[in-house]
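Enquirer: So you can see what is in the structure, the chains are spelled out below.
2 protein chains.
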Amino acid sequence: MQISINQLQELVEKILDSRGFSKPQRDAITQNLITAQVSECHSHGVWRLLELIKNLDKGMLNPTAIPQVTHNKGAVIRVDCQMTAAQYGHQIGLPLLIERAKEFGIALLAVNHCIHFSALWVELEALAKHNLVGLAMTTSHAWVAPHGGTMPLLGTNPFAFAWPRTNPDRPYIFDFATSATARGEIQLHARNQTQLPNDVAIDANGKPTNDPNEALKGAMLAFGGHKGTAISTMIELMAGPLINDLTSQESQQAAKDGAALPYGGEIIIAIDPEIILGTDRQSATQRAEDYLNQFSQADVRLPSERRFDARDRNRQRGTIDLDDTLIDNLKTLIRN
Amino acid sequence: MQISINQLQELVEKILDSRGFSKPQRDAITQNLITAQVSECHSHGVWRLLELIKNLDKGMLNPTAIPQVTHNKGAVIRVDCQMTAAQYGHQIGLPLLIERAKEFGIALLAVNHCIHFSALWVELEALAKHNLVGLAMTTSHAWVAPHGGTMPLLGTNPFAFAWPRTNPDRPYIFDFATSATARGEIQLHARNQTQLPNDVAIDANGKPTNDPNEALKGAMLAFGGHKGTAISTMIELMAGPLINDLTSQESQQAAKDGAALPYGGEIIIAIDPEIILGTDRQSATQRAEDYLNQFSQADVRLPSERRFDARDRNRQRGTIDLDDTLIDNLKTLIRN
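Which chain is which? The protein sequence lines are R and C, in order.
Sequential numbering of the first sequence, starting at 1, is according to my numbering.
Sequential numbering of the second sequence, starting at 1001, is according to my numbering.
FYI, nobody ran anything at the bench for these hints, they're computed from the structure.
Take these hints with a grain of salt, some might be off.
[To be verified] Calculated cross-link-like contacts (lysine-lysine; reagent style DSSO-like; alpha-carbon spacing at most 30 Å): (1) R:129 - R:73; (2) R:102 - C:1073; (3) R:54 - R:102; (4) R:54 - R:331; (5) C:1014 - C:1073; (6) C:1102 - R:73; (7) C:1102 - R:102; (8) C:1129 - C:1102; (9) C:1014 - C:1054; (10) C:1331 - R:73; (11) C:1058 - C:1217; (12) C:1054 - C:1073; (13) C:1331 - C:1014; (14) R:73 - C:1073; (15) R:23 - R:73; (16) C:1014 - R:129; (17) C:1054 - C:1207; (18) C:1023 - C:1129.
Just so we're clear, the structure is a prediction, and the values are computed from it rather than from any experiment.
Turn these sequences into a full structure, and let the hints guide you.
Expert: Written as structure tokens, this is what we have:
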């Protein structure tokens, strides 16, 4: 069915209110989910509320805690989410990160002890709107085997980057899992009884498999072989021990049964081109524009362009398409 | 033949002295090449001198200029190499980068207008020895087509990361091209008249090819499809316009015929775990050790381990194996 963006927002707020979330956490979560849904980033849209409430019911999401700034010195900020949603931590940490990046040229935000269920592009778009370059990484649960191995030592570990462009609504921005495919894709193949593509998973014996059910008993593979594995391992270290938070393996061990959303950390680095470039900023920015425009001229789609198009379309008409069953399922989350 | 490390070092110094290099630039280049050669990182070892001298002869390497610190404020340092070797810029920039990272927690070094012919792990190992986490990126020449396109808009754009470990000689460190294979590999296949593996190159018409000669007329591909392409594009922006230096395309256009070594920039980010972690540093570091040790226990080789083994072996015996023809070729570079 078609639902107005406003109605969907009200539904999300109603669910979170009925579950005892504080208003600021409710707003942070709602804004994130609606932003993703309006952009037709379905994997991180409102259906995530189903998982989020499961985490809440299992005691792995604190609806009323307030994130605390635990470190704020030099170019480093740390925010302890106290098991609230990562977005709530961003609301407190991002303004400080922006301030420090503009002061020192580069700064780092560690978001600790958060429940993570969202796309990273949302917070990086916020940085790009402030004309900052951004990098973000987070761990998840250890479902991915390193290249050359069979033991799942890595999470799906997303990696995201944003570069502000002349059109503030269309930065150069990517955000992808470092696994060869999304875990949700494998689950979808299992449900539809269809075969997996090659090179995305191994079975419990470490043999390559196209059978989604065998894959779920085995492990996923990293994208790009040993190179993707190396990047994913970097993410484990950067969003894990570097900020004194959990690796994907530790997060999985900490998860209570049925609480599927990772509990752990996120690291965000912001860089201010203005400080680096000074009076050369305009010409350098223009060269970047000219460079990126060549991709479009050569009919190569830049990351996120499909998403931008969807957002423009949905914002203009004020409504979005949503599966009837999903809306019904969401409504059952309201506790009277 | 076997040659002692000392003899090889003397040969390199003799070549550079005979070509009019200043002593500090000579030492910076020599140290880098010997370090790579001793580690059996052949692709970045002493054979690179052949290309380096070609660049010199074409007027695209300044043997006597002195890199200048052009920006040194907050957490950002910029060093203008004035068309000297990147290593010379590191000698001046890295101590400042280390100082700033330890002061602010994170810092950024931009090396501009350098001739780049070396592996990035050398400078990152230097950071790791100071217990810093490091990231490095540089552009090259535009030989790589983005996923979904045929026009070579990307360089082979290496990406490197280092994480200090308990054994200071064996950090977690990777350094790889974001192209599916090295350009030198394709040239080697052409010379040996052997076929390329799948998914590494396209011909001049944009069709996948296994023929190395067709590949050299066409374009290389990025590793990991659209994800590797996105990372390579990030590197173009970070090591190019962000630090007001050339993209791979611009560097290629600026290259005089026969001068194959890229002229452009490198970006290095250093992070001090001690500032982020404070009193938790030791326990967090130990968790990282335990985590990485699981790879080894599962018989998964970590990046650079082969290189570390070679270095230990060669240092112990004080000699390295080097091709006779290569030594003869190097000797012809000495100008009497």
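Enquirer: All hints are to be evaluated individually against the structure, with a verdict given for each.
Expert: Hints, one by one, checked against the model:
1. R:129 - R:73: Satisfied, since the Cα-Cα distance of roughly 24 Å is no more than 30 Å.
2. R:102 - C:1073: holds, 12 Å
3. R:54 - R:102: violated, 39 Å
4. R:54 - R:331: Holds, at about 14 Å.
5. C:1014 - C:1073: With a Cα-Cα distance of about 38 Å, the restraint between residue 1014 of chain C and residue 1073 of chain C is violated, given a limit of 30 Å.
6. C:1102 - R:73: The hint holds at about 12 Å.
7. C:1102 - R:102: holds, 19 Å
8. C:1129 - C:1102: holds, 13 Å
9. C:1014 - C:1054: Holds, because 17 Å separates the two Cα atoms, which is no more than 30 Å.
10. C:1331 - R:73: violated, 54 Å
11. C:1058 - C:1217: holds, 24 Å
12. C:1054 - C:1073: violated, 36 Å
13. C:1331 - C:1014: holds, 9 Å
14. R:73 - C:1073: Distance of about 17 Å is within 30 Å: holds.
15. R:23 - R:73: Holds: residue 23 of chain R and residue 73 of chain R sit about 29 Å apart, inside 30 Å.
16. C:1014 - R:129: Given pair residue 1014 of chain C, residue 129 of chain R is violated - Cα atoms ~53 Å apart, limit 30 Å.
17. C:1054 - C:1207: violated, 33 Å
18. C:1023 - C:1129: OK: residue 1023 of chain C and residue 1129 of chain C at ~25 Å, within 30 Å.
Hints 3, 5, 10, 12, 16 and 17 from the earlier list are contradicted by this structure; the remaining hints agree with it.
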